[in-house]
Structure formats: structure tokens, C-alpha cells
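Those protein sequence lines, which keep their order, are chains D and X.
Heads up: the first sequence begins at 3 in my numbering, then just goes up one per residue.
Heads up: the second sequence begins at 105 in my numbering, then just goes up one per residue.
Read the hints as simulated data drawn from the structure, not as lab findings.
Here a beta-carbon is modelled for each residue, glycine too, at the ideal position from N, C-alpha and C.
Incorrect hints may appear among the rest.
[Said to hold, decoys possible] If you anchor each label on the Cβ, the simulated ranges turn out as follows:
1) D/Arg88 - X/Thr148: 29 to 37 Å
2) X/Lys249 - D/Thr157: 34 to 42 Å
3) D/Ala87 - X/Lys249: 51 to 59 Å
4) D/Leu44 - X/Ala292: 45 to 53 Å
[Stated by the list, open to error] To give an idea of the chain D side of the interface with chain X (calculated C-beta under 7 Å), a few residues:
5) Leu117
6) Ser122
7) Arg224
8) Phe225
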Amino acid sequence: MTRLLAAALALGLLAQQDRPTFKSTSRTVHVYATVQGKDGRLVPNLTRDDFQIFEDGKPRPISVFDNTPQKITVAVMFDMSNSMARELARIRDAAGAFVRALWPDDRARLGSFGLEVAISPLLTSDKPTLLRIIDEELWPGGPTPLWYATDLAMTSLDNEEGRRVILLFTDGEDSGFFVPGNRGEMRRHAERGGFMIYAIGLPGHGLSEDLQTLADDTGGGRFLVGQGDNLGATFAQVVEELHQQYLLGFSTDLVDGKSHSVRVKTTREGTKVRARQSYVAVDGTIR
Amino acid sequence: MSAVALLALLALPAAQAATRPANVVLIVDVSHSVTYGIVKRDRTLVVDAASALAAAMQAGDTARVGTFGDEITIEPAPLKDADAVRAAGARLAERIGGRSPIWDALVAAAGTLEGAGAPRGIIVLTDGRSTGNRIGFADAVDQLKRAGIPVFVVSLDKSDRPIPDPGARLEQLAAATGGTCLFVDRPALPAAIKRSVSSLRQVSATAQPRRNNY
């Protein structure tokens, strides 16, 4: 009898463990969407009814919609590896154009990777401070510790609210670091934190496939700039795009700690949407 | 009063100051660009620098030792004997890597000299590749000048004037505050620190302590 009772209890426990975990409190998954027309221009005048959201392939009602300009919280990381030395003046000019394009409520943190992975302790709207950092704190030389730098940039924004953007400017693939970056962990960090990754690449190695995929998966963007192209205009374009994004949201009851797919579509013909392609259903606030 | 006596009287403050105990802060850049880059994985940099300072100390001198990388750490109390300075260097030896907040570290170091009489000054060991600062170069120089604290730079970057040149700002810093700037190889580090301490005694001999505003 005792054995039977023990077996029954054990089965009961197993059954409990097999059950998916649900909590009654539904939470919101926020999705920032960039919509472009066939000509690549941003499409700013869509309404809630123009959008559809799918969670794991199933349509979900849109519970949040906002098409007003969204302020930016961004960490920008400049690749300062050896190969970028000859581009330094161009990079400084472009970084200045980026800072000047920011709106008063936007906040930016600047950093670089090469001999060091260094990120400013200042997350600020103050443009003279940002321009001072560009002037004083970019030093070419060293390897390309891309993943370590990306992870550090995300960590620097972990405690910030709202949309969090990482903008990477690089001409190459990750070449490790004294403390090697972990690409897998960095990707999980991006998904769990709901970070949007943008990448601007220079000719040379261009943008690695991994980085392109990361930008696509997180709903960010990627730009490859030609040798004669205006780099500053590309940085300013990123700022404009970020201000023109739609904030959408849907409710979920899932708390299983797993990754779930997200897909955003518009019913407007000839448009293309970029948005995060997954989220992690963690217990607590979903980023 | 004879002319000779007058001259002797005028010379007295400088002569007295030259023999007065010095108050020195040594701060060492342990960022990646220094400890992993120009000097590969240099775990003994702080120890060697502190030992060189200890060897240059005279009776009555006080010294503090600090490092800057991802954190700025400076011994809170002034150390009065050479063994204590060496021990402080040993305690900081494992702190290597990270960014290079040179200007923040200089201002923090200047703060520890508040109230200390001349001769006093900061010896900074760095490659000049400043990153991750809260304050900018101009603000730091301005604060150091107002506080009347000379900075003696020992730069481990002897590379041939790269573009941009981190050494240029270090030279400006030294010139603006009344210090010196030496560019040396790693083996010449102890001699450069000794020379900086000697310069500090001389340069500060005529300087009057000023009120710090931190």
C-alpha cells in the first residue's frame, strides 16, 4: 500500500512537471516595426487596422498601437580595429552627423572596440558631450571583438526602459578578444532583452552573415556603405528610421521561458515590414 | 640689510620647499590598451611602478598609489614609508584590463591631494588613449590648473607619432599644469618615475598650495 501511494505521488509529481506553466496575468509583448514602400522610403501613415501580428503563427489582436515618433535610447559602438585607421576622419564626421540628427529627448551612449572594448559611462542627450567623446575617445588599432562589444553595449542598456537600440559600425567579422565574445550568449541576450540591432558596414569584409541575421532577427536594420557614399547620411537615416517606427503590442499568457516567433504584416500593398522575429516568454516583464 | 642677506632671504622659501616632504599620487593606467596591447599582458606594471616610487621616496614624503581601468581605485590614506607603497602596488596588481578614464582618474587623484602642501603632484603612467571618461580633457586640465596640481606624465607609447597622436594631449596636459611628459620604453619605467619624482620636487618648490574645488 505504501509503495502504491509512493508511486501514485511520484506519478502525480511527474504529471505536474509535464504540464506547461501558465499564469493568469497576461502581459504585453512590444514590437517596434519599420515599414518601407517599394522604393525603400518609410511609410509613416498606417493605422492599427493596417497591421497584423502573429505569435507562433497564430493571429493575435493588436492591443498597443502608437505611430507617434518614439524617442531613442541607443548605444553606438564604433569598430576601431586596425583596418579602420584610414577611415577615422570619415567615421568622426559620420558620428557627428548621427549626434546632430538626434532629437532632444533621445539618449545615446558611445563606445568603441579595438585594442579596448570601451563604452562611455554617460547615457546622455547632451550633444556637446557626445561630440566631445567622438573627438577624444576614438583610437584606431587592434582586433575586432565584435560580439564582446555588442554584448557589452546591451549590458549597458539592460536597465533602461522602452525601446533599446544597438548601432554597430564595423568593417569586419568578429576576431575575438582577450576575453572571447560568446556569439550564442550574445544572441540570447539580444532576444531576451528585446534589443534592436542595427549594423552599418564599410567595404572590405562588409557585414558578416551572422551580423546580418542578428539585425534581421531583432527587427533592426543593416546598411552597407560604398567607398564614395556619404556615411553621415546613412547614420542620419538610421536616426530618422528609428523615429518613424510604429509601436505595436499584443497580450500573451505564456510564461514558459521559451522563445516564440513573432511576425508582423501589413495589409497595405507594396509595403515591407521589419520587426523583431521572436521574444522570450519570461516570468516578469517581457522586453 | 645687505644685498647678500636679501638674496639669501629671497632664496629661502625655494630652498626650504625643495627639502620639504613631497605629497605624491601615482596612478597607473591598467586598461586593455596598456596592459594587453603596447605592453603585452603586463601584470607587473603597477608593482614595478609602485616600487620605483617607493625607491624615490624621502623621509617625510607621503604617497598614494592607484589604478584606472573599468574602475578607478586610489589608496584612501597617504602612505608614509616605502614598504607600504610597495605593498599597495602588490594589492592592485591583479586589476588589469578595461577602459581608460584618464581624465576622471586625474581629477580623482587631485581630490586626494586637497589640503596637502607643496611640493605635491600626480604622476600618471598611461598610453594616452583615453576612453570612458565622465569629464573631458579641457575640464580636467582646468580643474587641475585651478587646484595648482602639476601632472607628471610617463607615457609607455613610444610609437612613431600615430594619427591621432595620444601623446599630443599628454604633452598639453603636462605643459598646462606645470609638470613634465616623458615617453619611455617599458624597461625605462623605473628611471622615468624617479625622474618624475625629482621634477615634482623642483617644480613644486615654487608653487603655493591652492584651494581645491572638488
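Results of checking the hints against the structure:
Checked against the given bound of 29 to 37 Å, the beta carbons of D/Arg88 and X/Thr148, roughly 35 Å apart, stay inside it. Between X/Lys249 and D/Thr157 the Cβ separation comes to about 36 Å, which falls inside the hinted range of 34 to 42 Å. In this structure the supplied range 51 to 59 Å is violated for D/Ala87 paired with X/Lys249, their Cβ-Cβ distance being about 33 Å. Checked against the hint of 45 to 53 Å, the C-beta distance between D/Leu44 and X/Ala292 comes to roughly 58 Å, which is inconsistent with it.
For D/Leu117, the suggested interface contact is upheld, since its CB lies about 4 Å from the closest CB of chain X, less than 7 Å. The closest approach between the C-beta of D/Ser122 and any C-beta of chain X is roughly 6 Å, which is under the 7 Å cut-off, so the hint is satisfied. Interface hint status for D/Arg224: violated, as the beta-carbon distance to the closest one in chain X is roughly 26 Å, over 7 Å. Interface restraint check for D/Phe225: the shortest CB-CB distance to chain X comes to about 25 Å, outside 7 Å, so the restraint is violated.
Consistency with the previously given hints fails for numbers 3, 4, 7 and 8, ordered from lowest to highest.
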